[in-house]
Amino acid sequence: MNLLDRVRIPVMQGGMGVGVSLSGLAGAVAKAGGIGIISAAQIGYREAEYDMDPHGSNLKALRQEILKAKEMAEGGIVGVNIMLVTTGYDDYVKTAVAAGADLIVTGAGLPMNLPALVAGSEVKIAPIVSSVRATKVILAYWKKHYNRIPDLLVIEGPQAGGHLGFSKQEVLGITREEYDKEVQGIISLCTQSQIPVFVAGGIYTREDMEHYRAMGAFGVQMATRFVTTYECDAHENYKKAYLNAREEDVIITDSPVGLPGRALNNEFLKRVAKGERFMGKCRRCVMTCKPAETPYCISRALIQAVSGNCEEGLIFVGSNVYRTKEIEHVADIMEEFRV
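So that you can map any letter, position 286 of the sequence shown is 281 in this note's numbering, and since no number is skipped, the others follow by simple counting.
The set of hints was computed from the structure by calculation and includes no laboratory data. Glycine included, C-beta positions come from ideal geometry on N, C-alpha and C. Some hints could be false.
Below 35 Å or equal to it, Euclidean Cα-Cα: the simulated DSBU-like pairs (lysine-lysine) are [said to hold, decoys possible]:
#1 176 with 26
#2 235 with 26
#3 139 with 234
#4 269 with 131
#5 269 with 176
#6 119 with 138
#7 26 with 55
#8 139 with 119
#9 119 with 285
#10 131 with 235
#11 63 with 176
Taking CB as the label site, the calculated pair distances span [claimed, not checked]:
#12 307 with 142: 31 to 39 Å
#13 269 with -1: 47 to 55 Å
#14 107 with 200: 33 to 41 Å
Based on the sequences and whatever the hints tell you, model everything.
See below:
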C-alpha cells in the first residue's frame, strides 16, 4: 500500500524540537488520520545519563518514542524529523528505521545520502526544500545515484517557525504572494515525477490548506497550531507562552546553528541581544555550531523552555503564534482539515 493511501486527512504535523513533538503529539496526530512527526533533536534530554552520553541517550529515547507513538497511532503514520546538521545523522536515521518509523523527513540541508541509509527497508523518505533550485538538485542527485525519487516532498516557506532555510533579509522581505510563485514552481516540478507535496510555513486554517491544494499540493505541514493542544509534549508554561504571544513579540534571531530562526523575544533573547553569553558545556548536537563563538548552547536553551523555564530559554514559533487563543484537542483540529 502507498504510504499516503493511509492518510485520511492531508495534514502532516511539523517536527518540533527539543521535546515539543514527541510520542504524545505525533501519536495523536497519526491516530486522527494525519502524519505524526517526532523530532529527533536532543530527544534524550530527559534521560538520566544525558549529560554524560547525549548521543546514546538520544538514540535510546528515539527508539522508545517511536514505539510509543506507533502504539498510540493504531495503524496511523508516524515519522521522524532528523536535521541533516545533527551530529551522528546516520545513526539517527538507522535507529529510526530499526524502530519501525514509517517516514524520515530531513531539512537543514539536502540529504544526499538518505536513500542509501534506508536501503532495504520499507521506510519512506522526504526532503525539506525551500526553492526550485534545491528541488532540482536533490531530484537529479537521487535519480543519478540511487534511481529513486522522494516518496513525498515538503516545501517550507519563510513563515515557518524555528530554523529557516533563508537569509534574514529574505525572511523579512518575502511576501506570501511572492513565495507562492516559488511554491508553484516546485509543485510543477514534482508533478512531472508524481511526487506528492506538502507545503509548510504559515499554515493555520483549513483555508490555508485549500489554498495550496488548489495549487496542486497533496496537503500541508502544520506545527504552531499543534503546540497549544492537550496532547503536545511541551510543558504547560511553554503552551502559555504561545497563548500570551502578540504579533510584535515574534522576531528573527541568529541561531548558533548558523541559520536565522523565528522565536519569541523573551528575556533570554533580550539578554543575548545585549551581548550576554550563556555558553557552557557543549553537547556537540549540531555540526555547524562553533562553541567558542556562539553566545549560548541552543540545546540547553531549548531544553530550558520546553521544560517550563520559558524566560531563560529559547522558544521557537511560527508566524501565526499570536493567533493561538486556547488549548485544543488534536482530534478537533484534524476534523477541521478533513476533506
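Cross-check of the supplied hints:
1. For the given pair, residue 176 sits about 34 Å from residue 26 by alpha-carbon distance, which is consistent with the 35 Å threshold.
2. At roughly 25 Å between alpha-carbon atoms, residue 235 and residue 26 fall within 35 Å of each other, so this suggested pair holds.
3. Our distance criterion of 35 Å between C-alpha atoms is broken by residue 139 and residue 234, whose separation comes to about 45 Å.
4. Pair hint residue 269 plus residue 131 does not hold up; C-alpha atoms about 41 Å apart against a cutoff of 35 Å.
5. A C-alpha spacing of about 38 Å is found between residue 269 and residue 176, which places the hinted pair above 35 Å, so the restraint is violated.
6. For the proposed pair residue 119 and residue 138, the alpha carbon gap of about 16 Å is at most 35 Å, so the pair holds.
7. At roughly 24 Å between alpha-carbon atoms, residue 26 and residue 55 fall within 35 Å of each other, so this suggested pair holds.
8. Annotation: proposed proximity of residue 139 to residue 119 holds, straight-line Cα distance about 19 Å (limit 35 Å).
9. With a C-alpha separation of about 33 Å, the suggested pairing of residue 119 with residue 285 holds against the 35 Å cut-off.
10. For the proposed pair residue 131 and residue 235, the alpha carbon gap of about 41 Å is over 35 Å, so the pair is violated.
11. Taken as a hint, the residue 63 and residue 176 pair is broken in the structure, with Cα atoms around 40 Å apart against an allowance of 35 Å.
12. The given range of 31 to 39 Å is broken by residue 307 and residue 142, whose C-beta atoms sit roughly 50 Å from each other.
13. Distance hint check for residue 269 and residue -1: the Cβ-Cβ separation is about 48 Å, which falls inside the suggested range of 47 to 55 Å.
14. Distance hint for residue 107 and residue 200: a CB-CB separation of about 35 Å, consistent with the stated range 33 to 41 Å.
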